[in-house]
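Chain A is already provided as a structure; the job is to place chains B, C and D on it using the hints.
Residue numbers (this note's numbering), protein chains in the order written: chain A, 1 to 290; chain B, 1001 to 1291; chain C, 2001 to 2363; chain D, 3001 to 3421.
Heads up, a few of these hints could be off.
Said to hold, decoys possible - To give an idea of the interface, some chain A residues facing chain B are shown, with a C-beta separation under 10 Å as derived from the structure:
hint: 1; residue: Ala24
hint: 2; residue: Tyr29
hint: 3; residue: Phe101
hint: 4; residue: Pro207
hint: 5; residue: His282
hint: 6; residue: Lys287
Claimed, not checked - Computed Cβ-Cβ distance ranges for the label pairs, DEER-style:
hint: 7; chain 1: B; residue 1: Val1008; chain 2: C; residue 2: Ser2056; range: 52 to 62 Å
hint: 8; chain 1: A; residue 1: Asp189; chain 2: C; residue 2: Arg2350; range: 17 to 27 Å
hint: 9; chain 1: B; residue 1: Val1008; chain 2: C; residue 2: Glu2054; range: 56 to 66 Å
hint: 10; chain 1: B; residue 1: Ala1014; chain 2: D; residue 2: Arg3180; range: 51 to 61 Å
hint: 11; chain 1: C; residue 1: Ala2108; chain 2: A; residue 2: Thr192; range: 47 to 57 Å
hint: 12; chain 1: D; residue 1: Asp3295; chain 2: A; residue 2: Pro149; range: 38 to 48 Å
hint: 13; chain 1: C; residue 1: Ser2056; chain 2: A; residue 2: Ile276; range: 54 to 64 Å
Claimed, not checked - Here are the simulated DSSO-like pairs of lysine-lysine, each with C-alpha atoms no more than 27 Å apart in a straight line:
hint: 14; chain 1: D; residue 1: Lys3317; chain 2: B; residue 2: Lys1148
hint: 15; chain 1: B; residue 1: Lys1178; chain 2: A; residue 2: Lys287
hint: 16; chain 1: C; residue 1: Lys2357; chain 2: C; residue 2: Lys2248
hint: 17; chain 1: A; residue 1: Lys98; chain 2: B; residue 2: Lys1148
hint: 18; chain 1: D; residue 1: Lys3035; chain 2: B; residue 2: Lys1237
hint: 19; chain 1: D; residue 1: Lys3317; chain 2: D; residue 2: Lys3357
hint: 20; chain 1: B; residue 1: Lys1077; chain 2: D; residue 2: Lys3421
hint: 21; chain 1: D; residue 1: Lys3035; chain 2: B; residue 2: Lys1077
hint: 22; chain 1: C; residue 1: Lys2073; chain 2: B; residue 2: Lys1178
hint: 23; chain 1: C; residue 1: Lys2167; chain 2: C; residue 2: Lys2177
hint: 24; chain 1: C; residue 1: Lys2167; chain 2: A; residue 2: Lys180
hint: 25; chain 1: A; residue 1: Lys252; chain 2: D; residue 2: Lys3421
hint: 26; chain 1: B; residue 1: Lys1057; chain 2: B; residue 2: Lys1148
hint: 27; chain 1: C; residue 1: Lys2115; chain 2: C; residue 2: Lys2177
hint: 28; chain 1: C; residue 1: Lys2115; chain 2: C; residue 2: Lys2184
hint: 29; chain 1: A; residue 1: Lys252; chain 2: D; residue 2: Lys3035
hint: 30; chain 1: A; residue 1: Lys98; chain 2: A; residue 2: Lys180
Note that these hints are calculated values from the structure, not bench results. All values derive from a computational prediction rather than experimental measurement. All residues carry an ideal CB built from backbone N, CA and C; glycine is no exception.
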Amino acid sequence: MRRLNPAAILMLVPTHLLLLVVIALPSIYVFWLSLNESTYGSDLTFVGLDNYVTVLTSSYFWRAALNTLIVVNAVVYIELLIAIGMAALFLGGVRYPKIMFAIVLMPYAISEVVGVLVWKIMLNSGSGVLARTIESLGFGMFNWSVSPPLALSVVTLISIWHHLPFTFLLIYAGMLAIPKSLYEAARIDGATPWQEFWRITLPLTIPAILISLIFRFVFAFRLFSEVWLLTAGGPARLTEVLAVYLYQSGFKYGEFGTASATGWLMVIGSLGVASIYLWAMHRRMLKGND
Amino acid sequence: MTDAASIVLPNMAARRVAGTVRAIVRTLLFVLIIVWSAFPILYVVLSSFKQQKEIFKYPPDIIFTPTFEHYMALATKWTGFFPTMANSLIVAVGATLLACAASILSGFVYSRYANRFLAGSVLYLIAIRLLPPIVVTLPLFPVVDALKLSDTHIVLIVLYATFWVSLCTMIMKTFIDKIPRTLDEAAVVDGATTMQTLFRVIMPLALQGVAACAIFVFVFSWNEYLFALIFTTQHAKTAPLIISEVMDAVSGTNWGVLFAGVTVQLLPVTLLVMLAQRFLIAGLTAGSVKG
Amino acid sequence: MVAINIDRFVKRYGALEVVHDISFDIEEGEFLVLVGPSGCGKSTILRMVAGLEEISGGELRMQGVRVNELSPKERQVAMVFQDYALYPHMSVEQNIGFSLELARVPKAEREAQVKRVADILQIGHLLERRPRELSGGQRQRVAIGRAMVRKPQLFLFDEPLSNLDAKLRAEMRGQIKRLHQTLKTTSMYVTHDQLEAMTLADRIICLFDGHIAQMGTPHDLFDRPANVFVAEFIGSPTMNIVPITASKAEGRTVLTLAGGGEVSLPDGTALPSLTNDGNVLAGIRPEHLSDTPTPGATARIEGVIDMLEPLGSDILVTMQVGGATLTARCTDKGQFQAGQNLTLHFDPARLHLFDSKTQMRLG
Amino acid sequence: MLRKILATAVLLAAAGSVSAQEPRTLTIISHNVHKTAATGGDLADAQNIAGEWAERNNVTLNWVTLDIGPLHDRLLREMSLGETSVDLAAVLNTRVVPSVATLLEPLGPHMEANPIEDFEGISEGLREATVINGNVVAVPYRHATNALHYNETLLEERGVAVPTTLDELLAAARAATFTRDDGTRVYGLVTTLDTHVTALQFLSAFGAVYIDADLNVHANSPEMIAGLTELANLYKEGVLPPNVTALGLDELIATMREGRGVFAINPFSRYTALNDPAASLYPGQIDVMPFPTNDPGVASANTEFWSWAIPANSTQKDLAYDLIRELSGKDATVRAALNGNGPVRPAAYEDPRIIEKLPYAAAESIGLRDASVAVPAFADAVEATTVFIEEMQAAVLGLKTPEEAAASLQTRAEELVARSK
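Pulled out of the complex, with its shape left as it was, chain A reads as follows (with noise of 0.2 Å):
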């Protein structure tokens, strides 16, 4: 490990300033915004804690959180696993890598907007090809929509079909940088498939795991588009999840106090659901990796 010298420092520059001017200097102000009361054109007027108390005295936030911690933890996991999976077998070999490739990610590059109303229409209860086909199997009408168990369950699948080629990307990219003469040896030594996976395979993945991980908490905390193309929060706000409570709270009426302490308190939610991961990765910088 080298001594961080001025070179390394000015290669910090253009990330530290962009993440500074866009990001964190905003971040503050919004910060201060949440300790005032005000809307479009109108003068702050500070009111101390007030904004945090009406949201956290507010019923709908907590539903709201309640979902948004089973949805997230749902997607973010679901979508580890089949990622893993998914990952491990192209890792066995590929035929016709790009198309293949192309195709993996292309739930990713439609955008989320168009992906979710496309589920939609194909879900939609009597008219979707699929909720006619699971209607034909004979399950019954599947109305998913006025039950918020259900109509969570169609979100964490559409988020999940939507992102999984993020998670699979980047784990698959980290499986792959692992050196061949790894397996080599441990083929050598007599390791099974199943062994070179769990012995050298997901070890050597962690650190992507753990990029994977953290981001999408970040990026699953504040699931927006399908909710709120989905149910907009109904039916009666039962399905709300904390991005559509920011909305209806503090966007929608133009109440950015709301709004912002909202924010605030959300990246307080995101720091604690992700929170493990990112102590280890604060560890493995501290030890200064491998």
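What follows is chains B, C and D alone, placed relative to chain A:
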């Protein structure tokens, strides 16, 4: 070899059967993956060639006479679409280059240097991304306007790049971590400056990471809607805004045109992915060190 | 002429000091080998000379000029790495020519230089290949070629042969030796293998725990090891070292082994002045012990054969004597059997005595 | 590489700021329908009202079109700046709450200096709704009044007569609900219950009012409870689609076009989309009438309407007002209606050009006559609609009884109203 260790010949026939079973299972899994990934997309692409009336037919027609009317409509009625695609391209390419360049530099530093400050700033890199972007736009909008950057490509390029630079830095770090440090030293002894080391030796070997980052940033910038909506009006307007106008809340969505637009939108990204795939599976680090 | 001065080198990592106040010079054209077990600081010193590690204390001078602050390029050093560190994305030609390219040497000249080096190393036919298409020995040659092409002031080798199998290692050792004889470039070579050190070096510096244990020609280190550490490190099989008590009885010197065995020394054997009331460590190399009396081998020691390790024409005989174990290298004529009594003969001049406390050579 | 990007960026930024300084450019932000209404868009017989005005006045129109939500979000952000480049904006009545109205230019002085032709000819209900805190802040331009669309072919197929009263409608919707042999379900009544407008349309036929113009809350009225009960029953019986609370506009249109719905609650102007021969399986067979009540001849019609407004921080207010004047003229209103606009002057429906062009002109004129705004504009109006949607959905899905929902709605709406006063 006297006692215990004697070679038992495996049952070759059983092994062949197991191999065949494995091949079949693998093929089935690939088919499953294709169906899962491509089915909704195929639905969009096929629908874009159907008459409006046929789009929602159940059971859907697999074989039909294709029509190009929606593509024609896209070109003639939604005249903004193709020009805005050019904007999308400028913005996406610009954001990709900026994000990749910044993250290669910082990812290299995070990989090759370590101290308490750097380890702490990794947490900062991630934590800073936790605030929902829509909230961040509150203070950004007046600032961008005051800087006269509203409705320019540069504002979207900078915004998109910033929103990915954290993740890309971490990606680049993990990939550069896998490159033996002696290669840096060899380059230094060969007389390379830090920049030459990075761009001539490290970057070519971290192309997998660069490819992954490029895909992420490009795809995001290509489809991004919220910031484009807030920060552009005319000159820098991107294609997703036109697509959203097709999904109209007054006269209803024009599905045929929407699907045609989405299909067109998908093409450049698909090409990029196919291009990047080559770098992703290159596995260049083989043979660098050791016998 | 002195080419390099290493003056009071110190290396610290935080509070941990791993190289302690080390000084030595390298003569122009000399082949200097730093040898020592892993963790002794030899690689660190090499990397400090190369400019890859910061010099925490002391001064490095080349041709009399302080170069602490200069980059490796400015110091005009070239280095061969233990793991070769070939650029995997470049062909052999590009690997070798990389430094010239960075120095903006014109293409034609660059190609000529690469060709010249490749011919010397007999890798001319491999120029188009990538490192992953090369064997271990070929990679090693490319790594050397990459260092050679720059015509450096100083060649640095960081355990370059440790990843090769025994046969290749011997072959490459010879090649490096020949190369040095041709090019006469000042070289500094780090290894943990004493055999490499002995065969290659004009001069050896043996390091232990961040200190110089001994510095000198291979003969100096072999014949007059300055301390127990060097005595045991240099030479294979390892020198026998046993604690003894030396006493004078009737004008004769008697060496008594800790477990009770006795060494008979002929009359008039001159021993250095002994310390610690005669409690010292005695050392004798296995090849200096013989089962047959030869002229000059006037000292004797008796014991019981414990183990036999045939080496072909020679055999290693391990003998138990008074609680100590001695190994001798004898000519194998099938005369030994485990459990047999055996008398070994040696020349008292070959006996090395060390202070049991300071471990330093006596006399 | 970085340097090149930055250089390009600076160039682009410079190019952007230069073109923004072109003289006499009027920037209009609106929905695409307003652009089509004012310019004719790509219609075959386009009436380019705004274009003619622009040519006369040597102005370049810079037309920014956005969907409803984004349009207001963007407009509000622009109006919060010190100075905006937006000169003229189309705004939806429910969005012009008092806090927003303060960001709009009061039009009274402009109208005094330069009156709009026959301003009183614009529907009174709409004109009154644009006066906020005593100031006229917008001029009504386009209305979307709810009505009842019905598929004549399906009614014939089921042997059901076209209803004339609310009770007949409910009976007809039930009678027209059936399942086809191939498993396709046909729903008697289709509506979008993810928004307050259509639900309030249905409820107002029972005489229910949520919040009146004087900000009195009537949510816990017998009429409201009766309406909610009926809605819940229709849902339970399967007359309404099972996903009615998540059913969006697009799905409503698709359901009607494909003959999976018989009656639909929708604005009059949806007629064109539902009968579009390119997209509908029943072109020309979906008729429209004012939403019936049990008083024969009296329609129930909830309306939403769009107006033109000028941001108070605009730099070309006079020019913008001149365009409003042009677009609001009597003849311009008729010509815009020919472009497909919902004319805000009842007199326009008597113009022969309109009668010839719009088959539903007579019905819509009755609708416009009886129209009232669904929820009046007050500070927490948007939140009041959210609360309504929540309680209404709970009643329809049976999560609450209609009585519970109505009582809860009353309490919550009163709180909101009290907060605004």
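For each hint, the structure was consulted:
no.	hint	result
1	Ala24	6 Å, holds
2	Tyr29	4 Å, holds
3	Phe101	4 Å, holds
4	Pro207	4 Å, holds
5	His282	6 Å, holds
6	Lys287	8 Å, holds
7	B:Val1008 with C:Ser2056: 52 to 62 Å	60 Å, holds
8	A:Asp189 with C:Arg2350: 17 to 27 Å	46 Å, violated
9	B:Val1008 with C:Glu2054: 56 to 66 Å	58 Å, holds
10	B:Ala1014 with D:Arg3180: 51 to 61 Å	55 Å, holds
11	C:Ala2108 with A:Thr192: 47 to 57 Å	55 Å, holds
12	D:Asp3295 with A:Pro149: 38 to 48 Å	44 Å, holds
13	C:Ser2056 with A:Ile276: 54 to 64 Å	39 Å, violated
14	D:Lys3317 with B:Lys1148	22 Å, holds
15	B:Lys1178 with A:Lys287	15 Å, holds
16	C:Lys2357 with C:Lys2248	21 Å, holds
17	A:Lys98 with B:Lys1148	43 Å, violated
18	D:Lys3035 with B:Lys1237	18 Å, holds
19	D:Lys3317 with D:Lys3357	35 Å, violated
20	B:Lys1077 with D:Lys3421	47 Å, violated
21	D:Lys3035 with B:Lys1077	13 Å, holds
22	C:Lys2073 with B:Lys1178	26 Å, holds
23	C:Lys2167 with C:Lys2177	16 Å, holds
24	C:Lys2167 with A:Lys180	26 Å, holds
25	A:Lys252 with D:Lys3421	20 Å, holds
26	B:Lys1057 with B:Lys1148	49 Å, violated
27	C:Lys2115 with C:Lys2177	21 Å, holds
28	C:Lys2115 with C:Lys2184	20 Å, holds
29	A:Lys252 with D:Lys3035	25 Å, holds
30	A:Lys98 with A:Lys180	22 Å, holds
The structure is inconsistent with the numbered hints 8, 13, 17, 19, 20 and 26, although it conforms to all the rest.
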